[in-house]
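**Q** Here is what each chain is made of, one letter per residue.
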Amino acid sequence: MPRKITYRKALNEGLDEELANDDNVVIIGEEVAEYNGAYKVTEGLWDKWGDKRVVDAPISEAGFIGMGIGASMLGVRPVMELMFFSFAYVAFDQMMNNAATCRYMSGGLINVPIVVRGPANGGTNVGATHSHTPENIFANMPGLKVVSPSTAYDAKGLIKSAIRDNDPVYFMESTVLYGQEWEVPENDEIEGGELLIPLGSADIKKEGTDISLIAHGRAVITALEAAEILSAEHGINAEVVDLRSIRPLDEQTILESVKKTNRAVYIEENKPFCGVGAQIASMIQEKVFDYLDAPVLRISSMDSPAIYSPPLEKAQIPDAALIVKKALSIC
Amino acid sequence: MATKSKPKSSASEYADADINKSLSAEDKIEFLRKMLRIRRFEQESLKNYQVTNKSGGSNIGGFLHVYIGQESIAVGTISLCGENDHVITAYRDHGHALTVGMNMNECMAELFGKATGCSKGKGGSMHYFAPDKNYWGGHGIVAGQTPLGAGLAYGLKYKGLKGCCLCYLGDGAINQGAYHEALNLAELWDLPVIYIIENNGYSMGTSQERSSAHSEKGLAARAEAYGMEWDVINGEDIYEIRAKTQIAVKRAHEECRPTILEIKTYRWEGHSIADANKEKYRTKEEIQKFKDEHDPVQVWKKAMLEEGVITEDDFKQINKEAGEEAKAASKFADESPFPEVSSIQDDIYWEVDNNTEAGRTGRHFFHD
Ligand SMILES: Cc1ncc(C[n+]2csc(CCOP(=O)(O)OP(=O)(O)O)c2C)c(N)n1
Ligand SMILES: [Mg+2]
Chain Z
1 MPRKITYRKA LNEGLDEELA NDDNVVIIGE EVAEYNGAYK VTEGLWDKWG
51 DKRVVDAPIS EAGFIGMGIG ASMLGVRPVM ELMFFSFAYV AFDQMMNNAA
101 TCRYMSGGLI NVPIVVRGPA NGGTNVGATH SHTPENIFAN MPGLKVVSPS
151 TAYDAKGLIK SAIRDNDPVY FMESTVLYGQ EWEVPENDEI EGGELLIPLG
201 SADIKKEGTD ISLIAHGRAV ITALEAAEIL SAEHGINAEV VDLRSIRPLD
251 EQTILESVKK TNRAVYIEEN KPFCGVGAQI ASMIQEKVFD YLDAPVLRIS
301 SMDSPAIYSP PLEKAQIPDA ALIVKKALSI C
Chain S
1001 MATKSKPKSS ASEYADADIN KSLSAEDKIE FLRKMLRIRR FEQESLKNYQ
1051 VTNKSGGSNI GGFLHVYIGQ ESIAVGTISL CGENDHVITA YRDHGHALTV
1101 GMNMNECMAE LFGKATGCSK GKGGSMHYFA PDKNYWGGHG IVAGQTPLGA
1151 GLAYGLKYKG LKGCCLCYLG DGAINQGAYH EALNLAELWD LPVIYIIENN
1201 GYSMGTSQER SSAHSEKGLA ARAEAYGMEW DVINGEDIYE IRAKTQIAVK
1251 RAHEECRPTI LEIKTYRWEG HSIADANKEK YRTKEEIQKF KDEHDPVQVW
1301 KKAMLEEGVI TEDDFKQINK EAGEEAKAAS KFADESPFPE VSSIQDDIYW
1351 EVDNNTEAGR TGRHFFHD
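Residue numbers (the working numbering), protein chains in the order written: chain Z, 1 to 331; chain S, 1001 to 1368.
Same shape as in the complex, but just chain Z (with noise of 0.2 Å):
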C-alpha cells in the first residue's frame, strides 16, 4: 500500500526537505514558528531548524514581504506565510511592484527568489475579508508566477519547484484541503529521490473523452466528483484537466484535452470577472475553435463577496451538482 498523507503534511515535508537543500532558504510568517503554524503547515520546523531558519513576523504583511524581497536581492531565499492569501492585499504594493517589477526595471540585473505561500479560498464561513481567491489578480502581472496545487502529491512537488524556482511564486493553498489525504510516495521510491513537479505543467487528473472540466485549486476535486457522477448517471465521461500552475500555464495539455472532447467547463471557485477561466476560454476559443461542438462555458463563485452564512456559502461557491448541470447543458 502506497502511503497517504495529508496537503498539510505534504507541504510541511516539502518545505523541510528544502530547508535542508539549501541554506539560504528561511521561513518567515505570521506564528509560523514557535505556534507551529495557524494552520500546522510549519509544525515541527522550528523545532527542527531553529531560529535562524523559521521566523516569527510580527502582523506586519507589507513589512515582511517587503523585507523578504529585499533580502532576495541578496541571494536568501524567503518562503513567506500568509496566513490567509486575503492579506496580500494590505501587502500589495510590495508583491505586486517590487518582487515584479524590479526586474525589469533594471533590465534584467535583479532577480527575486521569494515564494509567498498561504491558503487562497472560500467555504469556511470566514466572511468577505478572509476568503479571498486572488489569483488571477496576481497571474495578471508578468514578472510574477502563480501556482495552486489540489492535491498532496501536487502541493508537495510543486512546493519544492517553486522554491527552487529563480522568480517570485505566489503559492495558493486550499485550508479545507489541509486535512484530506492523498498518495504521496516515500523519497525512495522516487525516481531521482525526491518528488519535483515542474510550474507551467498541467495534470490529466481523470482521462475521458465526452467533455473537458478543467480547473485549479479544490475545483478539481469537485470537478473529479462532477466526473463521478456524469459518468455513473448519464453515461458521460469526462476528462479533468488540473491546470495546477495557473502561470506559467500548461497551454498544450488543455488544448489537447478540447481537441480530444470536443466540449470544454471551466471551474473556479473565484469571482467570475477576469478570473482564469475567462483567460483559458478565450485561448480555447482562439486556437482550437474548429474542434468545438459547443460554447465553452465557464462556472465560478456567485459573484458577490463571500458571504458568511454556512449554508448559503455552500451555495455561492460550485458543486459538483452544478458542474453536471452545465456539463449537460452541453452534451
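Hints in this document: simulated from the structure, not taken from any laboratory. Check before you lean on any hint, since a few could be wrong.
As the list claims (entries may be wrong) - Covered stretches of chain Z, going by a simulated chain S footprint (3 or more residues, C-beta under 8 Å):
1) 29–35
2) 54–64
3) 71–79
4) 107–115
5) 194–202
6) 245–252
Computed from a predicted structure; not experimentally measured. All C-beta atoms, glycine included, are put in the ideal place defined by N, C-alpha and C.
Following the hints, put chain S with the ligands in place on chain Z, whose structure we already have.
**A** What follows is chain S with the ligands alone, placed relative to chain Z:
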C-alpha cells in the same frame, strides 16, 4: 592642484572629527568633483528634457526628479560605504547613482530610453539600478523601498557579513505605513539599516509642516517610539554629514542596529520637471536664499579654498570637466539606439531569460 590638506576648516565644527581628519586632499576634492558631476549631469538632463529633438519631441519622457541642492547628502553619506555596505533610494535617484560609481553615459542613455541605458531603457529616471555597485534602485513608489532596505540589511545579517544598508527616503515618505512597518522590523530584529530622511522641506507642493505630525525634535525623533537611535544633520556640511552618519554606520557594523537620520536640505528645482507651481507653494525669495546661502557645493568649495585644498582655478577646471562629461553623455545617449521591440519581453522572468528547464516549461507570456 594642491595635494596637502590643512586640517582645519572655519566652516564646520565637524572638520576635526576623526572620520574627517583622516581625509586626504584628494578625498576632499573628490567630494567636490562628485557633487559637481551630479549638478552638471542634472542641468544637462533638464536641457535635454526641454529641447525639441529631430522628431519634434523631447529627448526624455515622463518624470525627471532633480537632486540639485541635495548633492552633499549622497556624496557625504556614500563616502562612508565599504565593500558590504548597500544603498537603496527613491525616485530622486540620479545623485546616488552617480555617487556609487554609475557612469553618466549609462545614466543619460536611460533617460533617453536607449538600449545602452543602465536598465536598457526599461526603468527610466526613477529606476536606476547597479547591483554590482551595491546599488538597489531607484524606486518610484513613495516609501516602497523602505522594507526592501530592511531586507538588504536582513540579507547581510543572515549571511554573516559586516555591512549595512543606507536607505534614503523623503520627508513626505515618512508617513507611509510601509516605512513604519520597516522601522518596527529593523529595531525588533536588530537590522543594520540606516534610514536617511532627506528633508528638503516639501513633498511635491506640500510643505513638511503641512504633512507630518512630530515632536519638536524633528522627523527622525519618531525613532524613539521604536526605541531606535536617531540624529539630525545639517545637510549643507559634508563634514557634519560624515561625522554623524559614521556613528550610525559604526552602530550598524558593530552592534547590528538601525538608526534614523534626518538630513536637512533643500531642492532647488520643481518636484519633477512638470512642476509648474514650483514657485507658488514657496516664494522666489526662499529659493534664492537657499541658492545664495546654503548651496552645498559653494559651502564645500569655500571650505576647500579656506583649507588651501583647491584654488579658484581648480574649481573652475573641475566644474568644466563635469560639464564636458555631461555633454558627452548627451551625445552618447543621443547616438545610442533605442531597444528593439523584441526586447520588451526580456528581463521579466529569470528562468526564461536564462533558458532553463523551468523557463521553457509552460507558457509565460500571453501576448500573441
Ligand atoms: C505611493 C505613492 N503616492 C504618491 C506618489 C506621487 N509622489 C511622488 S513623489 C511625491 C512626493 C514625495 O515627497 P518626499 O517624500 O518629501 O520626497 P522628495 O520628492 O521631496 O524627494 C509624491 C506625492 C507616489 N509616487 N507614490
Ligand atoms: Mg521632500
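**Q** Run through the hints listed earlier and report the numbers of any the structure violates, in increasing order.
**A** 1
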